[in-house]
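Engineer: Okay, here's what each chain looks like letter by letter:
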Amino acid sequence: MNEKEGYLDVLVIGAGIAGIEASSLLSNSGRKVHLIEKTSYTGGNVIKFEEVFSNMECSTCMVAPRQQELLQDKNINLLTLAEVEDVKGSFGNFTVKIRKKARYVDLQNCIGCNACFEPCPVSLKNEFEEGLSERKAIYVPCAGALPNVPMIDTENCIRFKGKDCKACQEACAFEAIDFNQKDEQLELKIGAIIAATGSGTFDPKQTPEYGYGKIDDVYTALEFERLYASNGPTEGNINLKNGKAPKSVAIIHCIGRDQKGYCSAVCCMYSLKFNHYLKSKIPDIKITEFYTDLCIPGKSHQKFYEKMKETGTDLIRIQEAKVEKQGKGITVKYDTGKKKDSLPVDMVILATSIEPRDDTSELAKVLGISLDEYGFFKEEHLEASSVTTSKPGVFIAGCVQGPKNIQNSVSQANAAVGKILSLSK
Amino acid sequence: MIKSEDNSKNKCAIVSSKSDTKESVIDFLKKAMDEGIFDAVLIPMMTPAGDSFAYVLIKDKTLLKDGAPLSPIMSVQGAKAVSSVTRLGKGKMKIAAVMRPCEIRATVELSKLGQTDLENITLISMDCPGVLPLSDFLGDPKKGMKLFYDAAEKWDYKPMRPVCQICDKSSMIAGDLHIGTLGAKKDTFFIISNSQKGKNVLDKLGIDPKESADSWQAKVKTITEEKHKKREKNLKELKSKIGGLDNLTDTFSQCINCHNCMRVCPVCYCRLCYFDSDKVKHTSEDYLKIAERKGSIRFLPDTTLFQMGRMLHMSISCVSCGACEDACPVSIPVAQIFSMIADETQGLFDYVSGRDIEEPLPLITYKEEELNDVEDSND
Amino acid sequence: MEKKIGVYVCECGPNIAEKVDIDKVINAVSSIDGVAVVEKFKLLCSGDGKKFLEDEIKKHNLTHLVVAACSPKQHEQTFMEVCENAGINPYLFQLANIREQCAWITEDKDEATEKAIRLTKAAIGRVRYHSSLEKKELECTPNVLVIGGGVAGIETSLQLASPDRKIYLVEKSSSLGGLVTNFEKTFPNMSLTSDVMKQKIQSVNENENIKVFTDAEVEEVLGFFGNFEVKVKKRDEDKSSAEFNVGAVVLATGSTLFDPKKTSQYGYGELDNVVTALEFENMNSSGKITLKNGKKPNSVAIIHCVGRDETGYCSEVCCMYSLKFVRYLKDKISNVKVSNFYSDLCIPGKTYQKFYDQTKGKHVDFIRSADLKVTKKGDKLNIEYKDENGSKKNLGADMAILAPAMEPTSDASGLAEVASISIGDGGFFSEEHEKLGQISTTTEGIYIAGCAQGPKNISETLVQADAVTGKILSSLIPGKKIEPEVKISQISESFCIGCKKCINVCSYGAITFDEAKKISVVNEAICRGCGNCVAACPSGAATLKHFTFNQIYQELMEAVQ
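Residue numbers (my numbering), protein chains in the order written: chain A, 1 to 425; chain B, 1 to 379; chain C, 1 to 561.
If you are wondering where the hints come from, they were derived from the structure by calculation, not from laboratory data. Be aware that one or more of the hints could be misleading.
Here are the simulated PhoX-like pairs of lysine-lysine, each with C-alpha atoms no more than 20 Å apart in a straight line [unchecked claim]:
{"id": "1", "chain 1": "B", "residue 1": "367", "chain 2": "C", "residue 2": "545"}
{"id": "2", "chain 1": "C", "residue 1": "231", "chain 2": "C", "residue 2": "211"}
{"id": "3", "chain 1": "B", "residue 1": "59", "chain 2": "B", "residue 2": "31"}
{"id": "4", "chain 1": "B", "residue 1": "112", "chain 2": "C", "residue 2": "518"}
{"id": "5", "chain 1": "C", "residue 1": "392", "chain 2": "A", "residue 2": "339"}
{"id": "6", "chain 1": "C", "residue 1": "115", "chain 2": "C", "residue 2": "166"}
{"id": "7", "chain 1": "A", "residue 1": "100", "chain 2": "A", "residue 2": "88"}
{"id": "8", "chain 1": "C", "residue 1": "73", "chain 2": "C", "residue 2": "4"}
{"id": "9", "chain 1": "B", "residue 1": "289", "chain 2": "A", "residue 2": "307"}
{"id": "10", "chain 1": "B", "residue 1": "90", "chain 2": "C", "residue 2": "231"}
{"id": "11", "chain 1": "C", "residue 1": "261", "chain 2": "A", "residue 2": "74"}
{"id": "12", "chain 1": "A", "residue 1": "32", "chain 2": "C", "residue 2": "4"}
{"id": "13", "chain 1": "C", "residue 1": "231", "chain 2": "A", "residue 2": "338"}
{"id": "14", "chain 1": "C", "residue 1": "545", "chain 2": "B", "residue 2": "279"}
{"id": "15", "chain 1": "C", "residue 1": "166", "chain 2": "C", "residue 2": "261"}
{"id": "16", "chain 1": "C", "residue 1": "115", "chain 2": "B", "residue 2": "289"}
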């Protein structure tokens with residue numbers, strides 16, 4: 001085994017669940033970690049879920065202690081609103097340039113009281129809430145976001161567009177808002193890198209047959225997660241656009257699968273989870289799941305499916321489906337291969353494929369690693385440990401390497417740490 | 001051990017007896033000692049003063065003739081007696097303990113709690129007609145003895161303790177051997193084995209259990225049903241009397257904090273009772289604060305708390321033996337109350353204390369699916 | 001020594017000051033017995049605030065500190081450090097949350113003030129009864145025991161072994177490699193396995209920091225994280241045993257296959273030419289795929305999900321290796337017809353669908369079926385099944401390959417007892433947490449990796465092996481001592497009556513029974529301070545440090561009266 005001399009600090013890119021777990025584990029071993037996160041908050045996609053399968057644990061309760069430790073861990077240097085611009089060097093000897101955007105709010109002085117939001121005159125769609133609610137130009141993405149410090153969205157803040165507005169600063173009693181903050185350029189000496197920037201989801205606007213964006217009450221999985229979330233735009237109330245509770249829902253699996261060419265591994269399970277979500281809020285609701293193959297591998301997942309089956313949900317195997325408007329409601333026209341039929345429903349949830357994020361290819365160039373044919377980061381060997389890349393010292397973990405569930409992402413994060421610790425002392 | 005409900009399918013032995021069943025039981029024990037099956041017998045015996053009964057460990061078999069297997073009173077609860085013999089570990093002596101069903105059940109519970117080692121102890125029970133209230137007997141022991149034996153013969157419960165009158169487990173088999181007097185033809189009694197240990201004893205005595213125990217089972221069923229009805233009626237009345245915090249506090253208001261009930265209870269095994277410890281003692285400042293808040297405070301405090309706390313700690317193992325009620329100097333119906341609650345707490349887990357030594361204690365046994373009916377339905 | 005409690009209320013800017021009448025709070029607590037000083041401050045967590053507290057502690061010779069401010073999750077650590085720096089034991093401190101749990105959620109100022117007074121009084125009432133607690137340090141050994149010499153065990157051993165960390169690799173059979181040595185190729189790249197495996201096994205054997213025991217089983221694992229005492233029994237003539245100490249144990253004992261003899265519907269063991277996947281792998285590796293009569297099969301049926309109903313879960317790898325088998329067959333037998341009988345096609349992940357798409361083709365059928373039965377028809381096999389429409393159909397085949405469910409090994413439950421871990425779903429080893437702790441167990445220092453934890457493919461197995469490596473390398477560092485949890489349970493020797501209720505409810509195996517004294521004893525290195533034993537103990541012999549009856553009672557009384 002090679003024992004590398006050189007820098008011991010590790011750069012972790014992405015503070016989602018994989019990045020958080022990797023950073024924690026590295027810190028335990030005494031290594032210093034620079035955790036770079038593009039957004040203003042930690043937790044990534046996982047904190048958008050109210051509950052996770054199959055133990056149906058509260059997602060924020062699960063992740064929040066880890067997020068909190070992150071903020072207090074002396075070995076972890078969390079840099080939010082930061083991106084990696086350049087990587088030079090080799091394993092044990094990387095020089096990394098980081099561009100850290102200004103938050104315009106002082107992390108030490110701000111105590112998270114949120115007093116600065118109300119006076120802000122700018123209202124925009126909240127990306128975290130999948131556009132289902134609004135935020136201000138100075139904002140935190142959701143209640144409970146950590147670090148609990150807002151940022152100013154300079155693209156939309158009228159001050160940064162030339163107007164003399166100080167509304168937020170005037171509302172702050174802690175002198176935490178500082179318009180004079182500047183973007184920073186940092187240079188870090190790094191021994192190893194773990195890229196864990198996660199993934200995005202397929203935009204169903206590309207498949208107009210599902211009516212997304214045209215028909216009301218057709219939601220993507222992430223939008224539905226936010227609807228159900230107790231800290232979401234509706235505080236967990238599942239209502240149609242007309243304000244009433246839906247009496248029937250269709251959940252359509254495999255949205256985008258044909259276009260992407262692979263199975264996203266988690267959608268069948270979370271669709272079953274949605275079954276539970278809906279039944280818990282609206283016990284009499286009728287749910288129909290339209291699927292192609294039920295993908296529920298693993299020792300605990302079929303048990304979960306059996307429990308969901310008992311709730312009276314119909315599972316219909318289809319080859320094709322279309323979502324159309326029918327009067328005031330929706331109808332799902334489907335083809336099982338032996339018959340064609342239609343089902344009127346109040347709401348449709350689309351289980352969209354997992355796909356690489358838009359910025360993945362850019363990051364791959366910066367890191368000097370390659371992408372596979374689907375746009376995910378490429379592992380060195382498909383049949384070996386999937387966390388190594390062709391570039392020594394650069395490791396990958398989580399959905400940035402391919403679609404997978406939380407436990408596999410966490411294991412990859414731990415594995416990347418294992419590789420780093422065993423290869424460099 | 002085979003569960004007692006299955007005993008109707010068990011075979012038993014029918015042993016001819018003298019007209020005095022007691023004497024025959026003693027003979028049986030004597031023979032067993034002769035054969036070396038037992039080295040000693042633990043059995044109640046009348047005190048030399050003739051005014052009470054006590055458990056005695058008899059090594060000299062000539063003294064067996066003074067044994068009184070169904071004594072008129074429960075002086076020391078049998079489980080306390082037998083469990084203290086092996087509290088610090090089993091010895092080499094093989095001991096037979098002849099006790100009432102509730103005493104055997106309490107012994108089984110204590111064994112589960114690591115308080116006694118039953119490996120070399122054979123537990124022998126008998127159909128129990130109940131016992132007299134201790135206070136009734138002590139006034140005039142001679143009268144008490146006559147009253148008891150006359151009533152026992154006819155299986156008449158009227159003179160017995162209130163908690164015995166409503167006991168529907170007076171013929172429950174939880175030990176190794178059971179002596180059945182109910183439903184037996186004149187001058188006979190049944191011997192039913194309930195475990196390998198019991199069977200071995202019968203083998204060594206040359207007794208082959210091949211008779212049907214149906215007539216015993218039938219009589220037991222009749223009596224049990226009768227008592228069960230009385231139990232339901234009595235406990236319903238009791239519930240209305242003590243239901244609600246005010247009634248409960250009133251019921252226990254005469255308590256003098258002597259903790260006798262806890263001391264005689266076979267299942268209360270703690271070295272230092274929680275309610276005797278410093279944990280329930282407070283500083284005078286704290287007492288004054290309470291007095292300030294409520295206007296006044298009773299001393300010794302924590303009477304209802306003690307009762308409820310003890311109930312919380314031992315209800316799962318309560319065998320409704322009634323020792324507590326005999327011991328209460330102010331005659332609070334503790335046994336009836338605790339027995340009523342024990343039905344409910346044990347019922348939650350489909351548990352009957354002491355019925356099966358292999359059955360684990362419900363509160364410390366983890367089950368993935370449990371108490372679904374009391375879980376939040378929105379989970 | 002006389003107690004001198006210092007109470008400091010944080011204004012937190014307008015956050016607490018505007019919602020709570022802090023002066024009223026100060027007045028309400030100033031005259032409490034033992035309170036030496038009460039002050040307010042603008043922002044106690046700031047640099048100035050911390051310095052202020054330190055100076056105050058020294059100035060007034062305070063013995064205890066109470067801060068009424070924000071959530072303990074936010075700044076308990078901060079103020080504990082202040083105590084340490086000022087010379088007070090950090091556990092003689094209590095933080096009252098009058099922000100998140102008071103100022104931020106109460107509209108009416110009077111109500112908020114009253115609540116803040118209660119919370120502060122409660123903290124004072126409690127801190128009075130706090131005891132100093134000291135962090136402990138335990139020596140540990142960095143060596144590791146790996147049980148199971150398959151893919152996971154080999155990978156873990158190679159990653160961990162180093163001159164200052166010895167690995168003991170114990171393998172039940174006489175050779176290393178596990179199930180994977182039976183495979184000619186692995187999906188999805190169809191690369192040759194045997195060379196890779198041979199290389200790895202050689203690396204293990206040549207590594208002077210790895211001691212390999214074959215034909216051996218682990219008999220005993222005693223002790224705790226950092227200090228396990230292991231006994232290994234060898235199945236040689238002497239029946240010799242080896243004893244050694246390790247800091248961590250990895251269970252990588254793999255899996256076995258469901259025995260199709262347990263169901264009669266597949267004719268396994270009765271009809272010729274019905275083989276399991278493993279038997280087919282061996283057949284393929286030997287180079288000759290033949291029927292019993294020596295001829296090559298012209299038609300093969302691969303039957304998925306054998307035993308799935310009985311085991312109750314999907315084994316994840318069978319659809320993929322069935323596709324691999326199609327390729328094996330097509331490589332070795334031209335014009336062979338292969339029919340896959342399946343229920344749901346399980347091909348998750350970015351590469352598997354492509355593998356499936358490229359395996360479809362001429363003479364390859366995928367038949368979704370149910371109620372399948374294998375019978376004999378003449379000298380061929382007959383597959384009876386119900387198709388997607390529910391109609392009964394038949395298909396003849398020369399050979400049937402059964403894809404049986406993956407099951408835990410037969411010694412799994414015995415091994416779980418030896419290692420004091422639990423068995424979970426499917427009979428596999430139970431992980432600590434389904435989402436965040438796939439490879440650790442509730443027993444600290446005992447890890448699980450590979451199919452012993454649940455059915456999975458080789459890549460996931462290797463990831464788990466590396467993940468275990470990560471966990472061990474970061475926690476079991478040569479020369480570094482282990483700091484166990486401070487707020488743990490303790491059992492009074494004089495009050496314990498040996499009923500073992502505590503042992504029954506401890507999820508961490510942290511309580512042992514001293515047979516000589518007949519009392520329960522807490523292992524301070526393993527105890528996590530959950531308090532189950534304290535709740536279960538009827539006599540109060542078990543108490544929880546920093547959560548004693550009195551501490552909780554005093555806090556509660558002040559809060560609710």
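Engineer: Take the hints in turn and mark each one as holding or not.
Structural biologist: So, going through the hints one by one against the coordinates:
no. : hint            : verdict
1   : 367(B) - 545(C) : violated (29 Å)
2   : 231(C) - 211(C) : holds (14 Å)
3   : 59(B) - 31(B)   : holds (13 Å)
4   : 112(B) - 518(C) : holds (14 Å)
5   : 392(C) - 339(A) : holds (19 Å)
6   : 115(C) - 166(C) : violated (58 Å)
7   : 100(A) - 88(A)  : holds (18 Å)
8   : 73(C) - 4(C)    : violated (26 Å)
9   : 289(B) - 307(A) : violated (53 Å)
10  : 90(B) - 231(C)  : violated (31 Å)
11  : 261(C) - 74(A)  : violated (58 Å)
12  : 32(A) - 4(C)    : violated (40 Å)
13  : 231(C) - 338(A) : violated (62 Å)
14  : 545(C) - 279(B) : holds (15 Å)
15  : 166(C) - 261(C) : violated (42 Å)
16  : 115(C) - 289(B) : holds (19 Å)
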